[in-house]
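Using the sequences and the accompanying hints, generate a full structural model.
Chains as they are written, first to last, in the numbering used here: chain G, 1 to 309; chain W, 1 to 309; chain B, 1 to 309; chain H, 1 to 309.
Keep in mind the hints are simulated off the structure, nothing from the lab.
Mixed in with the good hints, there may be bad ones.
Any copy, or any two copies together, can satisfy a pair, since identical chains are not distinguished.
What the hints assert, rightly or not - Below, simulated SDA-like cross-link-like pairs (lysine to any residue); rule was C-alpha separation at most 25 Å, straight line:
| id | residue 1 | residue 2 |
| --- | --- | --- |
| 1 | 74 | 295 |
| 2 | 290 | 151 |
| 3 | 274 | 118 |
| 4 | 26 | 256 |
| 5 | 305 | 37 |
| 6 | 280 | 291 |
| 7 | 274 | 88 |
| 8 | 162 | 45 |
| 9 | 290 | 115 |
| 10 | 162 | 145 |
| 11 | 251 | 45 |
| 12 | 134 | 21 |
| 13 | 162 | 186 |
| 14 | 140 | 234 |
| 15 | 134 | 285 |
4 protein chains.
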Amino acid sequence: MAATVSLNATQQQELDDQAQETFQTKRATVANLEEILYKPLPVLDHGFVRVVDYMGDDSAIVQSARVSYGKGTKKVTEDRGLINYLMRHWHTTPFEMCEIKFHIKLPIFVARQWIRHRTANVNEYSARYSILDKEFYLPKLEHLAAQSTINNQGRGEVLEGKYAQEVLELLKRDSMQTYDTYEYLLNSNGDESRPGLARELARMNLPVNYYTQWYWKIDLHNLMHFLRLRADAHAQYEIQAYADVMIDVLKRWVPFAYDAFMDYRVGAATFSSKMLSVLKRRLSGELVTKENSGLTAREWGEMEKTLEG
Amino acid sequence: MAATVSLNATQQQELDDQAQETFQTKRATVANLEEILYKPLPVLDHGFVRVVDYMGDDSAIVQSARVSYGKGTKKVTEDRGLINYLMRHWHTTPFEMCEIKFHIKLPIFVARQWIRHRTANVNEYSARYSILDKEFYLPKLEHLAAQSTINNQGRGEVLEGKYAQEVLELLKRDSMQTYDTYEYLLNSNGDESRPGLARELARMNLPVNYYTQWYWKIDLHNLMHFLRLRADAHAQYEIQAYADVMIDVLKRWVPFAYDAFMDYRVGAATFSSKMLSVLKRRLSGELVTKENSGLTAREWGEMEKTLEG
Amino acid sequence: MAATVSLNATQQQELDDQAQETFQTKRATVANLEEILYKPLPVLDHGFVRVVDYMGDDSAIVQSARVSYGKGTKKVTEDRGLINYLMRHWHTTPFEMCEIKFHIKLPIFVARQWIRHRTANVNEYSARYSILDKEFYLPKLEHLAAQSTINNQGRGEVLEGKYAQEVLELLKRDSMQTYDTYEYLLNSNGDESRPGLARELARMNLPVNYYTQWYWKIDLHNLMHFLRLRADAHAQYEIQAYADVMIDVLKRWVPFAYDAFMDYRVGAATFSSKMLSVLKRRLSGELVTKENSGLTAREWGEMEKTLEG
Amino acid sequence: MAATVSLNATQQQELDDQAQETFQTKRATVANLEEILYKPLPVLDHGFVRVVDYMGDDSAIVQSARVSYGKGTKKVTEDRGLINYLMRHWHTTPFEMCEIKFHIKLPIFVARQWIRHRTANVNEYSARYSILDKEFYLPKLEHLAAQSTINNQGRGEVLEGKYAQEVLELLKRDSMQTYDTYEYLLNSNGDESRPGLARELARMNLPVNYYTQWYWKIDLHNLMHFLRLRADAHAQYEIQAYADVMIDVLKRWVPFAYDAFMDYRVGAATFSSKMLSVLKRRLSGELVTKENSGLTAREWGEMEKTLEG
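As C-alpha cells, this is what we get:
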C-alpha cells in the first residue's frame, strides 16, 4: 500500500476543513481513533477507507452487557475478561452496541462482493445521477495470478514478466477505450450536433474494475463478522486488502474487542464432531490414520492443515 | 409526566459520574442533545427513556446523500430542502446514517410490542441472571378505560371513580402477591432450611406489568418508522407515552429531519387509488356520496375522518 | 417482450424434466401459478424471470392474521375484506407469511440496483468460480434516450435514428471487444504457451451490461415493497421491465393481495400535512393558489400532478 | 413429552379438514414431512409445534448453490458432499433457499427469549384484540431446580419432594388467582352493573408463564442457527424442549442438511488461537499444564470439558 490517495483540490479542502473542527462531547470518545478520523487510508491503486464517525468504545460493550446506569466498567481486567467471555460464548448483542461509519472507494467488482453483507447501511454514489471518474483498478504485477488448478475459486501461480505485462496492457486498453466511449456517449465535450445519452444508460459501458464509492455504516458485531470472512485467505485478494486496513482501524477503536476477535475468531478453528473424536483418540495416544479416521479425504486434509498451520 | 424517576443511590452516582466527564471530539456533535445526554426522561409511573449515545446530525444525512468528502452541507436552506426532498420521496438510506442508543425502562407488555420492530439492536436485563425489582405499572385513573364496543383492539369510555378504584386495587393486589411469591421462591431471606428456586424459573410468576429494561440502538430511518407507528392513535396508550418522549428527543437531535417527519409522515395521509378518484371528482365540483363513491362504508368513513380531522 | 429466452440444450432439458414431475401435497397450492412454474418469462434482450418455488396463497395471509388452527378462511368476501384492511392499515406480518423463489437473469447494472433491497435471500452465479456467458444487454432503439434536462436522474427525449444506431454500435463494439479480451485472458483456447488468468481477475474486464443470474427468494410483504419502488416511473426502465413481469406473477399467485396492492399502494398517493390542509381548503370551496398554499413550488407541482394524473 | 395436545372441538375440526385435502404440485415435496404436516407435536404441558408449510428440500440447497436451470442435483453422494462442504465452510446463502412455517404455542417467558432471533417472520395472537385462554405452564417436578451456585444463569440441584410440591402449589395458586382477576376485569360474566376493562389493559395482570401462540416462519440457515443456540445445554430447559422437537422436524425435512448440521455445528467445537497452540503442543507429545498453557483457568476448564465430553 505504497500508494497515496489522490484527491482533487476541493475534496482535499473539504477534508481539511472537517478535520480541523473540534467539539466538546460527553459521549464515549476514543483518542486513538480520533487521530485518523476523516483521513483516507489508501487501499489498492485508487481506493481508500475513511472513518467518518463512530459510536462507543470497549466500555460501551461492557456497559450494555450490564444494562448499566453509568459506564458499566469495573476494573480494567474485569472488563477485558467480560469481553473475552462474551466473544467466546457468542454473545452478540453487546457488540452490536458500537457502530462505525466509513467512506469507502472501491472497484465495482469488490463492491459486488461486499454488498452481500446485508446487515450494514449503505449509500452509494449514483451513476444515474452523477458521472463516474476515470479511475479503474489495475492489479500490481505480483497480484496477477493464473487460475488455480486445484481450486475452482482461487488463484495459482503468479504470472511471469512479459506475459503479465501483456495482461496489464490489455486490461488498461479496454478500460481506457470503454471510458472514451462513455465520455462520447455522455457528450462530455458539449458537441451541439447531438444530445448526451442518459447517464443511467451510458454507464453500462464501463467494466467492473471501475471505482465506485459509498458511505457504509455497521455495528461492531457485524463488522467483525464481515472482517472474519473477508480477511480470510479464501476471500479474493482485492477485498482482503480492504479488510486488512479495517482490522487496523478495529485495533485503534476497541483494543480489547480486537484482541478477543483475533484469539477467538481469526486465529480460531472449528472441529466437526467427527474431527473432535479423532482429536480425542490422538490425544489418548492412538495412532489415527486417514483410513481409520472416519473422515473424508478432504476433511482429513483440512484438519491436518489446521493442526500444522 | 409528573413522575420523577426513582433511582437508588448507586445508580444516581453512576449517572452523575458519567454526565460530568467531557471529551474533545472531531465528530458531528449536537449541543441540544448533549444537554439531556444520560438523563432519564420519565415515562409512565416507573419507566424512563435515557439517551446514552448518538452518531450524526442533520448534516450527516446530507453528507451521505451526497457521498461527500467533507461535511457535505451547502447553504442551510439547501440542506433543509434536500432533507425534505429525501423524506418526501422515501429515500431511506441517508437517514440510516445517523444512529442513537437509548437505555429504556418499560413494562414487559410494552416491551413485547416494542420488540416486534426487528431493525434495532437490543440488550435486555436478564431475569435468568439477575433479580427483577419490585416495580410494576399501574395505570392512572384517566387511563383506565373500558373495552371499546366498536373496535376490538381499543379502549372506550374511561372507567368511573369507584369501580376504577376497585380495578386498580385488584391489579395492585395481584402484583404485590406475585412478587411476594417470587421472593419466597428465590428464598430472598436466606432461609437455610430450603434452597432458592432458580431465577429463570421463579420469574415466571411475575405478571407482564412488571418493569424490565434494555439498551436499544437504532438508526434514524428505523426510529422514525417506529415512532410513526407507535405515536399513532391506534397504538396502545402505554407505548404511545414512550413514543411521545422520543419524538421530543428527535426534535433536539435532528431538527430538520424532525420537521420533515412531522409534515411528510406523522401529519400525512395516504389515499388509495379509489379514494384518489373520489377526491378528483369532488375537486371538479361533483357531489360524491358514499353510495356512488365506489368505496366501502369503512373506507368512506376513514376518508371522511381524514378530510375533517 | 417479443424476445424468447434462449437456453442451451442442457438447460432446456433440465427445465423440461423438472416441469414434468408432479407430486401430492397437503400444502396450500395455487393452480394459476403452477401453470408457469419453472418457465422462464423473458425480460429485456436476454434476461428472464422464472418462478422456482412458492409458499402460501391468499388464504395463508388470512390464516396467519387469525393465528388459525385450520385454513383460517371464512367467506370469500370476508377474506378479501380482511386482506384489504391489513393492506390499508400497514399490517405487514401476515403478508410476510407467504414466500416466493425466483431464478432471474439480469444485467449487472440492474443487479446492482436490485441488491440494495436487503430483505431477500440471494445466491448469485459466481464469476470467481465459473465463466460468464457472452451475453450483454443492448437497449432497443425506443429506449435509447438523452439525459433529461430537468431531472438529473432520468431520461429525456428518445434519440433519433442515425445517432441512435451509432450509440448502439459503440456499445456493441466495446461489449464484444471486452469479451474477446476476457476469453484471451482466460486462455479459453487452451494455448499451451501461457496460463489462463484467474477467473476472479479476468472478469474485471467485463462491463456492467453483461448478464449475471441469481436465485432470489423473498416474502410477499417485501416483494410488494420492492415492486412498488421498482415498477415506479422514477425507477430506471431496465429494472421496471423486471418489476412489470413480476407484478403479473403476483396477480397469478395471490389475486386478492394483488388487488389490494394495486389500490392501496401502486395507485395510491400520500399527501403531506401541508398538502392535506390545501386539500381541505379546496374542498371547502376556497380557491388556493401556489402562492397562498404554503407549499414550495416543487411540492405544489407534485401535488398538481397527482391530482391530474 | 407424554402430554397430548388438548384442542377444542372447533380447532380439531379445522385441523382435520385441512389435513385431509390433497393437491397436485410441481414443487419440491418431502413425503416424510407431509406425514406430520398440520399435526401439533406436544411440548411442555400445554404447548405444541406444528409445521404449517415448507418450501424446498435437500435438493433445493444444491439447486441454488449451482444456480441451476433444473433440480441441480447430480449423484446422491455428490449432493451430500456438496451440502457437507457448504456447511463446513459457512456458505449460508444456499441454506437460505429453504423455508419453513410453524404454528407454535409457548409460555410468554419462552416467547420472550425466542423473539430475540430477529431473522424470522412472526405473527402473534393479540391479547389486545382477543382473550387469552386459561393455560399456564407448570414445570414437572424433575424440572424444578434450585439456583445454580456456580453459574449465575443456570439451574443446580433438583428440588426435593415436599418443598417442590409447595413451589408448584404457589405457582399454581398465583396463576389461578391472576386469571380470576383477569376474567373479573374483562367482566366475562357480562355483569350489567359495570363495563369490562379494555383487553389490552386487563392482560397486564397475567404472569409470563401464561401461554401465547404465533405463526413463525424462517429460512433453513437461520433455523439451524436458532436450533444450535437453543438446543444447547446453556439455554433454559423450557426453550430446549421446543428446539429438540424442531430438530426432529429438521431430520424429516432435510436429512442431508440435518446430518451436516449435527456433525459441523451441534457436535462441533471451536478452539481459540491459544487453545489451538495448546492442542498442537499436546499432539507433539508435550505435557501441557494449566499453568504453562497460556490459558485462563476458565478457558482451561472449558477446553478440558470439550476434550473429555
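Do the hints match the structure? See the list:
Taking the shortest alpha-carbon separations for residue 74 and residue 295, only the inter-copy value of 22 Å comes in at or below 25 Å, while the best intra-copy value is 47 Å. Proximity of residue 290 to residue 151 under the C-alpha cut-off of 25 Å is restricted to the intra-copy arrangement: shortest distance 21 Å within a copy versus 40 Å between copies. For a Cα distance limit of 25 Å, the shortest separation of residue 274 from residue 118 qualifies neither inside one copy, at 33 Å, nor across copies, at 31 Å. For the homomeric pair residue 26 and residue 256, the shortest alpha-carbon distances inside one copy (22 Å) and between copies (23 Å) are both at most 25 Å.
Taking the shortest Cα distances, residue 305 and residue 37 never come within 25 Å of each other, neither inside one copy (39 Å) nor across copies (44 Å). For the homomeric pair residue 280 and residue 291, the shortest alpha-carbon distances inside one copy (16 Å) and between copies (21 Å) are both at most 25 Å. Proximity of residue 274 and residue 88 under a CA criterion of 25 Å is satisfied in both settings, with 22 Å inside one chain copy and 12 Å between copies. In this assembly of identical chains, residue 162 and residue 45 lie within 25 Å of each other by CA distance solely inside one copy; the values are 21 Å within and 40 Å between copies.
In this assembly of identical chains, residue 290 and residue 115 lie within 25 Å of each other by CA distance neither inside one copy nor across copies; the values are 40 Å within and 43 Å between. Taking the shortest Cα distances, residue 162 and residue 145 sit within 25 Å of each other inside one copy (13 Å), while across copies they are farther apart (44 Å). In this assembly of identical chains, the alpha carbons of residue 251 and residue 45 lie at most 25 Å apart only when taken from the same copy (24 Å versus 43 Å across copies). Neither within a single protomer nor between protomers do residue 134 and residue 21 lie at most 25 Å apart by alpha-carbon distance, with minima of 32 Å and 48 Å respectively.
For the homomeric pair residue 162 and residue 186, the shortest alpha-carbon distance between copies (17 Å) is at most 25 Å, but the shortest distance inside one copy (36 Å) is not. Taking the closest pair of Cα atoms, residue 140 and residue 234 come within 25 Å of each other only inside a single copy of the chain (19 Å); across copies the shortest separation is 41 Å, beyond that limit. Taking the shortest alpha-carbon separations for residue 134 and residue 285, neither the intra-copy value of 63 Å nor the inter-copy value of 57 Å comes in at or below 25 Å.
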